[in-house]
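Which chain is which? The protein sequence lines are A and B, in order.
Per my numbering, the first sequence starts with residue 1336, numbered consecutively.
Per my numbering, the second sequence starts with residue -13, numbered consecutively.
Treat the hints as calculated values from the structure; they're not laboratory data.
Be careful, since some hints might not be right.
Claimed, not checked - Below, computed lysine-lysine pairings styled on DSS-like, alpha-carbon distance capped at 25 angstroms:
id: 1; chain 1: B; residue 1: Lys228; chain 2: A; residue 2: Lys1345
id: 2; chain 1: A; residue 1: Lys1396; chain 2: B; residue 2: Lys(-11)
id: 3; chain 1: A; residue 1: Lys1389; chain 2: B; residue 2: Lys65
id: 4; chain 1: A; residue 1: Lys1345; chain 2: A; residue 2: Lys1389
id: 5; chain 1: A; residue 1: Lys1389; chain 2: A; residue 2: Lys1546
id: 6; chain 1: A; residue 1: Lys1472; chain 2: B; residue 2: Lys(-11)
id: 7; chain 1: A; residue 1: Lys1638; chain 2: A; residue 2: Lys1558
Claimed, not checked - Pulled from the structure, derived: some chain A residues nowhere near chain B, Cβ distances all over 10 angstroms:
id: 8; residue: Leu1361
id: 9; residue: Lys1407
id: 10; residue: Pro1417
id: 11; residue: Ala1437
id: 12; residue: Gly1440
id: 13; residue: Glu1447
id: 14; residue: Glu1489
id: 15; residue: Gln1507
id: 16; residue: Leu1513
id: 17; residue: Val1543
id: 18; residue: Glu1550
id: 19; residue: Asn1564
id: 20; residue: Ile1577
id: 21; residue: Glu1579
id: 22; residue: Ser1592
id: 23; residue: Arg1629
Stated by the list, open to error - So, partial list: chain B residues that the calculated Cβ filter (under 7 angstroms) puts toward chain A:
id: 24; residue: Lys(-11)
id: 25; residue: Ile(-8)
id: 26; residue: Ser(-4)
id: 27; residue: Lys0
id: 28; residue: Ser4
id: 29; residue: Ser68
id: 30; residue: Arg71
id: 31; residue: Leu74
id: 32; residue: Ala75
id: 33; residue: Pro76
id: 34; residue: Gly121
id: 35; residue: Lys228
id: 36; residue: Leu231
Even for Gly, the Cβ is constructed at its ideal location relative to N, Cα and C.
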Amino acid sequence: MKIIEAENLKKNYNGFTAVDGVNFHLNRGEIFGFLGPNGAGKTTTINMLTGMAKITEGTVKLMGVDYTRNAKKAQALMGIVPDESNLYEELTGWENLVFCGALYGMEKILREQRATQLLEQFGLAEAANKSFKAYSKGMKRKLTIAAGIIHQPEILFLDEPTTGIDVAFARQIRNLILKLHGKGTTIFLTTHYIEEAERLCERVAFIVQGKIVREGTVDELMKETQEDNIVQFTLGGDFSNIREEMERHFIDYSFMSGKNSGVSVRTPGPVSLFPLVRFFEEKNMPVYEAKIIRPSLEEVFVKVTGIELQKMQDGQNQGPGKGPKGGRRS
Amino acid sequence: MMKTWIAFSSILMKDMRSYYLKPPNISWGLIFPIAWTLMFFLRSPVPVQVRDLLSGVMALSILFGTTSMLAVTITFERKSRSFERLLLAPISLNILMLAKTSGAIVFGIINAFIPVIFAGFLTDLSGINWILVLGSVILIAITSTFLGLFIAVSVSQVFEAQTFSNFFRFPMLFLCGLFIPLESLPLFIRPLSYALPLTYGADILKTAIIGNGVIAVPLSFLMLIVFSITLFAYSTYNVNRKWIL
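The whole structure should be built from the sequences, with the hints applied where relevant.
Shown next as structure tokens:
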């Protein structure tokens, strides 16, 4: 069953089109990933869906009911976790949750019970009486998610939930998302961390410059790269210095810079390692590691959009807080 | 309806605890009227009656207390993005803004009666029309609070809120007829006086306390109600236009 339907959604700001006629839907109980680089229109889309931004054109429906011009009709069924923690610094963790419950009209006893239960569930029980300003960044993010679900919403909007927090907290938050999903909550997740979307989401849409360029289940999207062969090299030098020369030399191959002097090479047919290794060595660039990797959602994204992962993460303070690679959920 | 009331009362109680009942604000409520009263005693060449000063000190206690607090707290919450949380709650914008302003209104009303308590120890307060006093205090508190709201939605920084507040408060201070009688003001300035809400509130207080107001009381009440509705409606319109993009 479709819980949210967005049709031809468009947002203009003073002549600039931030979101340009996107169409998508969320099925009840699924995690839907909205993937794109910074400035692609992810947050604007969330803002339109939740009532924080007026819709220039198009319609949004929640369980079949149009709320395009009156988001208040739908807000009681939504939980919203913004990209920055926005709880009250002067209140304790417990008080923040109780206050957020009250905003949704929850009775005192009910919201207090739920706040205590969520603090336990999110591993914040010991910090319940500390003021929010004393929380670490990861704790703040966890409490903000707890505040978003205190009223047990039908649908939870998570805007970049792991951006700027450390690996351990990012992992905990991803586990919490999966637990919420396990309990039947529908989740709309925006992220620019492709690996995170690959691990968490059942369906994904790629958004670039305000337009959805591809949408489907993760498995459907992965089929697009099944024929590709990818070799990942770890080099002893800066690949960008030889990139142009390499692209001229290996015309059919495409190259994608990774982190820490890494480079991924995609070949249309079976890969031949020797010419590549010899080329690197001739350029005084020792090869420390070469491994053939399974195509991932990242490769699909790059293939579809032409945007490299490195560029997507430009402008971010910190990495994605990745855990060990692999283990895409199915 | 019940859910709306729970949200409304929670916002009000949180603001009272977080902002208005903090020690600096309580001390402000105590120090402000004392400072004003002392200033008149020290500066005036002729003996001053406490009762004559009471209406002015009450009106200014409300004006300065409410406009500052509301403008600063809303601007601060906007900066920290916690105000977004309120905008995303399933309550109407009007109810939300009424909840946010109710704390400041209550704070203004309490501030107004602190000078009355002090005055009670210093002078005879018999013969005062307390019903008129209460009515005008409530309406001055509402109008001043909504003026603070108007200021809050017109600025984006906390320091701008303070500066912009003074742009309204100081002209009101001198033109509302409290310290310079309206009939003594130059003719070309008088229309400006009548365009300020505090002029009407202060005049009711003068009528109630010392019996020398110059504007008909029903007209003053009507003007305060008109100012309140206009400021509130314009501010919520601006919130919807500027903050819900």
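Status of each hint after checking the structure:
1. Lys228/B / Lys1345/A: 19 angstroms, holds
2. Lys1396/A / Lys(-11)/B: Measuring from Cα to Cα gives roughly 24 angstroms; hence the hint holds.
3. Lys1389/A / Lys65/B: 21 angstroms, holds
4. Lys1345/A / Lys1389/A: Cα-Cα ~10 angstroms, so holds.
5. Lys1389/A / Lys1546/A: With Cα atoms ~18 angstroms apart, Lys1389/A and Lys1546/A stay inside 25 angstroms; holds.
6. Lys1472/A / Lys(-11)/B: 32 angstroms, violated
7. Lys1638/A / Lys1558/A: Within the cut-off at roughly 12 angstroms; holds.
8. Leu1361: It holds; Leu1361/A is separated from chain B by about 18 angstroms at its closest Cβ, greater than 10 angstroms.
9. Lys1407: 6 angstroms, violated
10. Pro1417: Violated: least Cβ distance 7 angstroms, not greater than 10 angstroms.
11. Ala1437: 3 angstroms, violated
12. Gly1440: Gly1440/A not clear of chain B: closest Cβ-Cβ about 2 angstroms, inside 10 angstroms.
13. Glu1447: Holds: least Cβ distance 12 angstroms, greater than 10 angstroms.
14. Glu1489: Non-interface label stands for Glu1489/A: nearest chain B Cβ at 13 angstroms, farther than 10 angstroms.
15. Gln1507: 23 angstroms, holds
16. Leu1513: Label holds. Min Cβ-Cβ 25 angstroms, cutoff 10 angstroms.
17. Val1543: Per Cβ check, Val1543/A is outside 10 angstroms of chain B; nearest 22 angstroms; holds.
18. Glu1550: 26 angstroms, holds
19. Asn1564: 46 angstroms, holds
20. Ile1577: Check passes; 45 angstroms lies beyond 10 angstroms.
21. Glu1579: Check passes; 42 angstroms lies beyond 10 angstroms.
22. Ser1592: 34 angstroms, holds
23. Arg1629: The claim holds: Arg1629/A sits with its nearest Cβ about 40 angstroms from chain B, beyond 10 angstroms.
24. Lys(-11): This hint holds: Lys(-11)/B lies near chain A, its Cβ roughly 2 angstroms from the closest one there, short of 7 angstroms.
25. Ile(-8): 5 angstroms, holds
26. Ser(-4): 3 angstroms, holds
27. Lys0: Nearest chain A Cβ about 6 angstroms off; hint holds.
28. Ser4: 5 angstroms, holds
29. Ser68: Result: holds, 5 angstroms to nearest chain A Cβ.
30. Arg71: This interface hint holds because 6 angstroms falls under the 7 angstroms limit.
31. Leu74: Holds, about 5 angstroms.
32. Ala75: 4 angstroms, holds
33. Pro76: 4 angstroms, holds
34. Gly121: It is violated, given that the least Cβ distance between Gly121/B and chain A is near 32 angstroms, above 7 angstroms.
35. Lys228: 11 angstroms, violated
36. Leu231: 5 angstroms, holds
In summary, the numbered hints that this structure violates are 6, 9, 10, 11, 12, 34 and 35.
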